[in-house]
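Visitor: Given chain E, put chain U in place with the hints provided.
Protein chains: 2
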Amino acid sequence: MRNSSIFAMVAGDLALVEAELLNAIQTPVEMLSDISAHLTKAGGKRLRPALYLLCAKQGPTTGSDKISVAVAIELIHMATLVHDDVIDNAATRRGIATANTQWGNHASVLSGDFLFAKAFSMVAAKGNSDVLKILADVVCSMCEGEIIQIKESFNADLLEADYYGRIAKKTADFIAGSARIGAITSKMSPTDIQALHQYGYALGMAFQITDDILDFTSSAQQLGKPAGNDLRQGIITLPIIHALRDRTSGQQLKELILQRKMNEADIKQGLAIIHNAGSIEYAYNQVAQYLQRAREALPQSLDSSVRTALLEVADFVGIRKY
Amino acid sequence: MRNSSIFAMVAGDLALVEAELLNAIQTPVEMLSDISAHLTKAGGKRLRPALYLLCAKQGPTTGSDKISVAVAIELIHMATLVHDDVIDNAATRRGIATANTQWGNHASVLSGDFLFAKAFSMVAAKGNSDVLKILADVVCSMCEGEIIQIKESFNADLLEADYYGRIAKKTADFIAGSARIGAITSKMSPTDIQALHQYGYALGMAFQITDDILDFTSSAQQLGKPAGNDLRQGIITLPIIHALRDRTSGQQLKELILQRKMNEADIKQGLAIIHNAGSIEYAYNQVAQYLQRAREALPQSLDSSVRTALLEVADFVGIRKY
Numbered sequence: 201m202r203n204s205s206i207f208a209m210v211a212g213d214l215a216l217v218e219a220e221l222l223n224a225i226q227t228p229v230e231m232l233s234d235i236s237a238h239l240t241k242a243g244g245k246r247l248r249p250a251l252y253l254l255c256a257k258q259g260p261t262t263g264s265d266k267i268s269v270a271v272a273i274e275l276i277h278m279a280t281l282v283h284d285d286v287i288d289n290a291a292t293r294r295g296i297a298t299a300n301t302q303w304g305n306h307a308s309v310l311s312g313d314f315l316f317a318k319a320f321s322m323v324a325a326k327g328n329s330d331v332l333k334i335l336a337d338v339v340c341s342m343c344e345g346e347i348i349q350i351k352e353s354f355n356a357d358l359l360e361a362d363y364y365g366r367i368a369k370k371t372a373d374f375i376a377g378s379a380r381i382g383a384i385t386s387k388m389s390p391t392d393i394q395a396l397h398q399y400g401y402a403l404g405m406a407f408q409i410t411d412d413i414l415d416f417t418s419s420a421q422q423l424g425k426p427a428g429n430d431l432r433q434g435i436i437t438l439p440i441i442h443a444l445r446d447r448t449s450g451q452q453l454k455e456l457i458l459q460r461k462m463n464e465a466d467i468k469q470g471l472a473i474i475h476n477a478g479s480i481e482y483a484y485n486q487v488a489q490y491l492q493r494a495r496e497a498l499p500q501s502l503d504s505s506v507r508t509a510l511l512e513v514a515d516f517v518g519i520r521k522y
Numbered sequence: 201m202r203n204s205s206i207f208a209m210v211a212g213d214l215a216l217v218e219a220e221l222l223n224a225i226q227t228p229v230e231m232l233s234d235i236s237a238h239l240t241k242a243g244g245k246r247l248r249p250a251l252y253l254l255c256a257k258q259g260p261t262t263g264s265d266k267i268s269v270a271v272a273i274e275l276i277h278m279a280t281l282v283h284d285d286v287i288d289n290a291a292t293r294r295g296i297a298t299a300n301t302q303w304g305n306h307a308s309v310l311s312g313d314f315l316f317a318k319a320f321s322m323v324a325a326k327g328n329s330d331v332l333k334i335l336a337d338v339v340c341s342m343c344e345g346e347i348i349q350i351k352e353s354f355n356a357d358l359l360e361a362d363y364y365g366r367i368a369k370k371t372a373d374f375i376a377g378s379a380r381i382g383a384i385t386s387k388m389s390p391t392d393i394q395a396l397h398q399y400g401y402a403l404g405m406a407f408q409i410t411d412d413i414l415d416f417t418s419s420a421q422q423l424g425k426p427a428g429n430d431l432r433q434g435i436i437t438l439p440i441i442h443a444l445r446d447r448t449s450g451q452q453l454k455e456l457i458l459q460r461k462m463n464e465a466d467i468k469q470g471l472a473i474i475h476n477a478g479s480i481e482y483a484y485n486q487v488a489q490y491l492q493r494a495r496e497a498l499p500q501s502l503d504s505s506v507r508t509a510l511l512e513v514a515d516f517v518g519i520r521k522y
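Residue numbers (the working numbering), protein chains in the order written: chain E, 201 to 522; chain U, 201 to 522.
Bear in mind the hints are in silico, worked out from the structure with no lab data behind them.
Note that this is a predicted model, so its numbers are computed, not measured.
Capping the alpha-carbon separation at 30 Å, the derived lysine-lysine pairs in DSSO-like fashion look like this:
| id | chain 1 | residue 1 | chain 2 | residue 2 |
| --- | --- | --- | --- | --- |
| 1 | U | Lys257 | E | Lys333 |
| 2 | E | Lys257 | U | Lys333 |
| 3 | U | Lys257 | E | Lys326 |
From chain E, some residues computed to sit far from chain U (all C-beta separations above 10 Å):
| id | residue |
| --- | --- |
| 4 | Leu214 |
| 5 | Ala297 |
| 6 | Ser418 |
Glycine included, each C-beta is placed from N, C-alpha and C at the ideal position.
This is chain E alone, in the form it adopts within the complex (with noise of 0.2 Å):
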C-alpha cells in the first residue's frame, strides 16, 4: 500500500502543503534555503500532516489556515530531522547525503532552528495560540526523549517500561499532537478530541516500534543507512530488551552491549541473538497491540469516510518495510 492511497482523501491538501513547504522556507540567505530545499524535496511519508488533515477533515476551517498548520507540522518535523542526523553523525536518510554532511553542523544547527521558528511564525500569523502551544509542547516533549536516549545509551538494564516512555517523549506525543490539532480543528467535543489524540497516541507507539524493528530486519538499501545501527550506538530498543531477557543468550548480548565498541562481528552475533530470542515477533507482537488500541480509540461520531482512512493508516503503519 502506498501512502498516496492511504492518503487520498487528504491528496489534494497535501500537494498544497508541498507548494507550501517550498515557499515557507524561502529566504534571501541562500545556504539557508539550499539546505531547507534539501530538506523539503528528501521528501518522507509526511505521516504527520496528512493525519493532521484527516482529523481536520471534518471541520468548518478555511483552506490556508489548515495548510498553514500542515506545514508547521511537518517543518517542526525537518528540524528535528535535522537536528537528529547532526546528534547522530548520519552520513545518509533514506539514502541521501544529510544536510550535515553536504553544509556541515553549524549550518545544520542553524537551519533545524530557522525551521522550528519558521513553523512557529507561521502558526503566530494565524493567530492560533492553541495550536501553537500544543506544537511548543510536543517539541519540548521530544528534547525530552532524545535527552533521555543519550542518557540511556548501553544501559543493558533497561526496563521495557522506560522504553515506552522515551518513545512515547520521542516519536507518540508528535503523532498525537498532530490527530490533537486536527480534532480541534474539526471543532469536535473534548471527548472525541482526547480519542484522536489517543488514537495518535497508539498509532505513534506502533510507528517507533516498527521503526526500531526495521533497524534489525532491513537492509541497509532499504533504510538508507546501515543496519543494526541502533546496536551499533548502544540505543536500546524492544528487540534488543527482549533479547536481553533470553535465558539462553541474553548474558552474552549484554556483555556485548557492555563492551560499548562492537566490531561487525559483534554486531552481527548481536543480530544472530536478538533474532533467535523472538524479538522481533515479540516487538511486532506490541506493534499489533497498540494498532489495535489505536482503532479501538476512534470515537463514533466521526464521519465514516474519515474513519475508514484512519483505520487504513493503522493498517499501513502495521505493514510498512521503510
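Guide: Same frame as chain E, but now just chain U:
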C-alpha cells in the same frame, strides 16, 4: 554603572524573572534541567527582558503575563547562546565552562531546542500570538544572521554595509523586538511602537559593534574567552573592515586573513594593525552615532521616568567594558 542601577525601575520584575526562569526550565529529565539551570545561573546582563520590562512599564497588563514574556525572551536568548557555543566550539563563556564542554554537543543542541520550545510554549499559554509572531521572526532573523556569518567568514572584501546587515539580523532585530513587544504591552500607538522598535534596533547595533570592539580591546579575563577570537575565526567585524581599508597596512591584514590559519604571532600582528589604523576609534564613533539615533528615536509620549531609564540604558551600552 552596574545593571542593577540602570534597571532599578524594573528591579522587582527582574527578580521575579530570575525565579520564574528556574521554574520554567523544570523537567523530570535530569540532564536537561541541569544544563538549563547551568545556563540560567551563568547569568548575563538580562538586557533583553529588562528592556522589554522598561518599555512595558506604562502598560496595564497584569504581572504574571508580563513576567512570562520576559522569561520567554531570556529563554530564547539562552537557547541562541547554547547553540552559538556549539557552533563556535567555545570552551568557556563569561569565564564558565560552556554546556557543550560539560555535557557534549548533542545534549547542548537538544537543550537549545528545548529552551526555544519552552519559550514559545510559555507565550502561547498566555494566548499572545502577536508576541509569539515577533519572537519567532526574531529567531528566524538570528539564524539568517549566523548563517551569513559562516558564509562570510574569511571574506576580506566584505563591505561595511554587509557587516551592518549581518549584525542587524544577528543582534539588533532581537533587541528591537524586545522593545517592540514592550511597547505593544504598554498599548502605545503604532507610531510609538515603531519608535521604540527603532530605539531598540539602534541600541542593538551599538551593542553588537561594542561587542565586536571588545574582542580586540579586552583581556581574555574580562571577556571570559580568548581575545582576538573573531580575527582567529575569520569573523570580519567593523574594526577589521576599517583596518582592511587602511592604505599602509590593509593589504598586510588581508593576507593574514586569507591564510585562514593564523598562529598567535599572526593574531598579534593583526591586532597591532587594527589598533594602529585607528579602527577602534572608528568603530566607537559608529557606536556613538547609533546611540544618538537610539536616543532621538524615543517617542515624546513616554513617561519621563521610562525615558530617563531608556536613556541610561543607551549610556550603559556606550561605556560597557564586558
